[in-house]
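Student: One letter stands for each residue in the lines below.
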Amino acid sequence: MEEILRVNNLSKRFEDIEVLNNLSLSVKKGEVVVIVGPSGCGKSTFLRCLNGLEEIEEGEIFLDGEKVSSNKKNMSKTREKIGMVFQSYDLFPHKTILQNITLAPIKVKKRKKAEVEEEALKLLDRVGLLSKKDNYPRQLSGGQKQRVAIVRALIMHPEVLLLDEITAALDPEMVREVLDVVLSLAKEGRTMLIVTHEMAFAKAVADRVIFLENGKIVEEGSPKEFFEDPKTDRLKKFLETFSYEK
Amino acid sequence: MGFEVLLKGNNMLRLLGGLGVAMYISLISVAISIFLGIILGALMTLKNPVINAFSRVYLEIVRIMPQMVLLFIVYFGATKVLGINLSAEISSIIVFSFWGTAEMSDLVRGALSGIDKIQYESSMALGMNTRQTYFHVIIPQIIRRLIPLSINLITRMIKTTSLVMMIGIVEVLKVGQQIIEANRKSSPNAAFGVFATIFLLYFLACYPISCLSKYLEKKWEN
Ligand SMILES: Nc1ncnc2c1ncn2[C@@H]1O[C@H](COP(=O)(O)OP(=O)(O)O)[C@@H](O)[C@H]1O
Ligand SMILES: [Mg+2]
Numbered sequence: 001m002e003e004i005l006r007v008n009n010l011s012k013r014f015e016d017i018e019v020l021n022n023l024s025l026s027v028k029k030g031e032v033v034v035i036v037g038p039s040g041c042g043k044s045t046f047l048r049c050l051n052g053l054e055e056i057e058e059g060e061i062f063l064d065g066e067k068v069s070s071n072k073k074n075m076s077k078t079r080e081k082i083g084m085v086f087q088s089y090d091l092f093p094h095k096t097i098l099q100n101i102t103l104a105p106i107k108v109k110k111r112k113k114a115e116v117e118e119e120a121l122k123l124l125d126r127v128g129l130l131s132k133k134d135n136y137p138r139q140l141s142g143g144q145k146q147r148v149a150i151v152r153a154l155i156m157h158p159e160v161l162l163l164d165e166i167t168a169a170l171d172p173e174m175v176r177e178v179l180d181v182v183l184s185l186a187k188e189g190r191t192m193l194i195v196t197h198e199m200a201f202a203k204a205v206a207d208r209v210i211f212l213e214n215g216k217i218v219e220e221g222s223p224k225e226f227f228e229d230p231k232t233d234r235l236k237k238f239l240e241t242f243s244y245e246k
Numbered sequence: 247m248g249f250e251v252l253l254k255g256n257n258m259l260r261l262l263g264g265l266g267v268a269m270y271i272s273l274i275s276v277a278i279s280i281f282l283g284i285i286l287g288a289l290m291t292l293k294n295p296v297i298n299a300f301s302r303v304y305l306e307i308v309r310i311m312p313q314m315v316l317l318f319i320v321y322f323g324a325t326k327v328l329g330i331n332l333s334a335e336i337s338s339i340i341v342f343s344f345w346g347t348a349e350m351s352d353l354v355r356g357a358l359s360g361i362d363k364i365q366y367e368s369s370m371a372l373g374m375n376t377r378q379t380y381f382h383v384i385i386p387q388i389i390r391r392l393i394p395l396s397i398n399l400i401t402r403m404i405k406t407t408s409l410v411m412m413i414g415i416v417e418v419l420k421v422g423q424q425i426i427e428a429n430r431k432s433s434p435n436a437a438f439g440v441f442a443t444i445f446l447l448y449f450l451a452c453y454p455i456s457c458l459s460k461y462l463e464k465k466w467e468n
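So the protein lines, in turn, are chains F and W. If you're matching positions, the first sequence starts at 1 in our numbering and goes up one per residue. If you're matching positions, the second sequence starts at 247 in our numbering and goes up one per residue.
No lab work stands behind these hints, which were simulated from the structure alone. For clarity, every value in this text was computed on a predicted model and none was experimentally measured. Careful: at least some of the hints might be erroneous.
If we take Cβ atoms under 8 Å as the criterion, some of the chain W residues that face chain F in the derived model are [to be verified]: (1) Ser368; (2) Ala371; (3) Gly373; (4) Arg377.
No residue lacks a Cβ here, since even glycine has one placed at the ideal position from N, Cα and C.
Same shape as in the complex, but just chain F:
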């Protein structure tokens, strides 16, 4: 299968701390890559470098064969191709759900309003939120907001979708409804990079799992190998923190 995203020797530091250390990665079209690792190991920073929210200092990123540069003008172009959903609810509070979703396609892609709205309603229906189209974000639960945020990213037709701990701030009973949407996206063959702490979900959704620690890839493999037969001690230790045995 063809490669869609390639990262070569990416490094990133904040002042004295090396957050990403010579990281390389290749993602194929339609692949779902899950990134796990202890808090502060650089997962968010890595995703943010991919869509240019952090400046790339060392290394290269190629999307669809084209080099992603920190150049401002090219960056907006790249961001159209990479969708991202964040951990904290980030809907625009002054716009209705429908307006939240249609803003970027209308303004950035210059698509016709009627056509965009039609697509938005279809997507909202798919995530079970059609009835909320005229509500404001404050009237939605956390889980509903995250589903809208996914739709808002999807309607830009991104080639790669980045999800950064999108259920981490949710009440437990709302996690499922959001992850189900992500699972259905994986089934339809979307390319995704997912950061999560939900190990059962990672196992179910991933084609490949990566363990990141101190800004380095320590281990990677298929979900089966990764969770059932971890090679490195550090991954074993990390996975132990998620299991409860007497």
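Using the hints, position chain W with the ligands against chain F.
Tutor: Here is chain W with the ligands on its own, set in the frame of chain F:
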């Protein structure tokens, strides 16, 4: 009760005219304050040490100086000391704008820094450029926060304009005093009627504005 003096001649019209002067001075001052306040408030978020030092001193001066002192300084200071002939109206507009710009810039700074970084980032992540992000995402949110607050500033300005009679402007309170003086013999109770009417006029001018601000605040809360 003293209300009868208001029916004499064009007394009521004169009172309304006085209120008009007060409204005129405060509305012009508010317009200037909003304009300059937005610029200064935006500059304050840049965290430039020179701008910050300047604005801190400026805000502090406004906070500790009674407006009346500022009025006297500008009106008498400018004419007597600098030899510039400022009309009383211009002097009061300068003073009220000086005051209003300080308040406004602080409100703008608060509104700007109150907008979460994630709002900029999620807009950028959708492919919007800086101009689109400000135009569609950031500025509408700032305006929604600012409008109720600046309306509140307008009502406070209208109230404070009663000070300008101290430098000779014939605004509503001054007209009231003139009416009372002129009818001292025939209606000894005029003071009550006139001041009660002025109270009502101020109320009628400020209450709808204050209601509007409450309504907008409720409508836009998020
Ligand atoms: N803007 C920043 N300035 C300074 N340090 C930062 C910044 N963003 C992240 N860091 C640091 O980089 C490290 C990695 O952060 P992050 O990528 O958010 O980790 P993760 O998402 O894996 O929890 C942390 O030590 C964090 O404190
Ligand atoms: Mg993170």
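Student: Against each hint, give a clear statement of whether it holds in the structure.
Tutor: Against the structure, the hints:
| no. | hint | verdict |
| --- | --- | --- |
| 1 | Ser368 | 4 Å, holds |
| 2 | Ala371 | 4 Å, holds |
| 3 | Gly373 | 4 Å, holds |
| 4 | Arg377 | 10 Å, violated |
The structure fails hint 4 only (numbered hints given earlier).
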